[in-house]
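Student: Residues per chain, in single letters:
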Amino acid sequence: MKKHKLTLGPLFFNWNADTRRDFYYRIADESLFDTVYLGEVVCSKREPFYASVMPSIYDRLLASGKNVVVSTLALVSSEADLAHIKNCIEQNTLIEANDVACLQALGGKTKHVIGPFINVFNESTLSFLVKNGAYRIVFPAEIPFSSIKKLASNKNTEFEVQVFGKSPLAIAARCYHARASGIKKHECKIICASDEEGLKVSSLDNQELFSVNGTQVLSHGYTVLLNELPLLQKAGVTHFRLSPQTVDMPAVCRIYRDVLDSKTVPSEAIIKLKKITKDTPYINGFFHGVAGMEWVHIPHS
Amino acid sequence: MMELVCPAGTPAALTAAVNAGADTIYCGYNNCTNARNYPGLNFSQKEMTESISFAHSHGVKVLIAVNTFPKAGEEKYWHQALHDAFEAKADAVILADIGVLDYATKKFPKMRRHLSVQASAANDFSIAFYKEHFDIKRVVLPRILSIEEIKSLIDKTGLETEVFAFGSVGPMSEGRCFLSSYITGLSPTSEGVCAPASHVSYKPYDNDTIKSCLGDVTLNHFSKDEAAPYPTPCKGRYKVNSKSLYLFEDPVGLNAMDILSQLRDAGVTALKIEGRQRSKAYVAQTVAAFRKALDSSSHKSLARAAEGGSETFGAYKAGWK
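Which chain is which? The protein sequence lines are P and Y, in order.
Heads up, the first sequence is in my numbering, so the first residue is 1 and it goes up one at a time.
Heads up, the second sequence is in my numbering, so the first residue is 1001 and it goes up one at a time.
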């Protein structure tokens, strides 16, 4: 049986250059990830602030045997955004497309990954995108397992599901980080960099709901699909994405690796994971077809 | 003159829109194939056929929205909706899902295809992709673009554009906003229901305050004499850094009445009034007001019909982002 791969998704948060370098060097040197996605997904204004460290990160990851894919913007709504995507395509061989604009820029010729911000919910869309050059599909956060099961049986394509980290829920042209601070997007001063895991958003009754990350809205809780890993493996999912958070990601990676390799049962893995992730609650509702913010407990046999 | 595209959630609303001066009506079937799948709303095939025949007899076009994203194994409902739209002689279908677009292009090449706002095509490359692969004739532009950006897109793509002139402001990239399903489990993208009424409740908070909830989540507190928006997640009031605010969007309705000439000069083909879920009285009032404005460049305020009671130009003016 083909080995199931662990991937590190693109960093959604606006970490500074030093933090990024330290983080990815450790991923290169100490982690069990097979593939690492780099690239700015949320806001094209951020990249100049950390671009200087990216070439050395890229090289270090490659040198350590990781596959590197460059993820592209989830919402393209300006000339600067388009230029950013074209630049990514010119410089790199493996691209994750997250807006249909990227598919147009790729021109149907280059093999690419479809990221979770392009809706792939059904057979016809999957089939069209594969014919158009996609070799791997990362499913959107909202897709339930009932759909994954029907789509991932397609043998000629690789399938990826986010199994750890805050879930991306929405993307906007408007910057909510700026709005929460009473300033406009064009004068944002990259204020999103001040929250390394996003800005906490609660209801007026103090229920923690979302993390705002610039123009992006994420879940407050971490999606944790450990109980569900065996089901996903059986359904034909080949790649399992952990989204970078401010926790010990190489350690999180080991926990998922052990469950994929049947060295640890999911219930034990969750106990280990809790020690790493501390207070952040876990969610898995989308997988089970219920409210995404819920945690559905699966009894173990 | 710009085409006035008006909503109809029922055959009665369609009649009201025709009588009030709509050039074009858009509507959907009474199931998950359209993005306003609410109880008591939308058309059976019999109603659709009769309504289109009525509209055509008055020189009015009808567009059918089949603009949600089918779940795996359920595409047959969307295919049926396309067959039905063809049979009912719809003037065009409004589509968002790549698979649905592909099917429509192959099976009904001559049926005109518009790209729904749910496809979130906010740049010329995305629009070119849909044009090249699915020969779309018109794109409904996301509500996140300024007039300058709209003009630039029209110049680059050469396609017809339809923009929102009245209704709600959608701050998120549409068709891929999972906030409502995160809270309710029901999906706007696949099931066509954002903040369904079945999950909305209003409860007393204290003596003077009511709270509105979606599912188990509180989306607002407001005093009894304060106009409060319908509790959709993007119009909720939240707490950030212990400050309460409308984080995503203020409780305002979009009204482009005062900038119609700028939209026309930008090259916009059609103006869309949002609100298939609204009453036939709303349809009659807004359609008549926009008809009059387009015909005579005069207008009267629609503030009372706007969402939340006050108005905005939304993204059309610089500074919204």
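I should point out that these hints are in silico values taken from the structure, not numbers from a laboratory.
Hints may contain errors.
Some chain Y residues flagged as far from chain P (calculated, every beta-carbon gap over 12 Å) [stated by the list, open to error]:
{"#": "1", "residue": "T1049"}
{"#": "2", "residue": "A1128"}
{"#": "3", "residue": "R1143"}
{"#": "4", "residue": "L1219"}
{"#": "5", "residue": "G1236"}
{"#": "6", "residue": "S1296"}
{"#": "7", "residue": "A1315"}
Pairs of lysine to aspartate or glutamate, EDC-like flavour, derived with a Cα cap of 20 Å [what the hints assert, rightly or not]:
{"#": "8", "chain 1": "P", "residue 1": "K66", "chain 2": "P", "residue 2": "E123"}
{"#": "9", "chain 1": "Y", "residue 1": "K1203", "chain 2": "P", "residue 2": "D205"}
{"#": "10", "chain 1": "P", "residue 1": "K86", "chain 2": "Y", "residue 2": "D1084"}
Even glycine gets a Cβ: it sits at the ideal position worked out from N, Cα and C.
Student: Which hint numbers does the structure go against, in order from smallest to largest?
Tutor: Violated hints: 2, 3, 4, 5, 7, 8, 10; rest satisfied.
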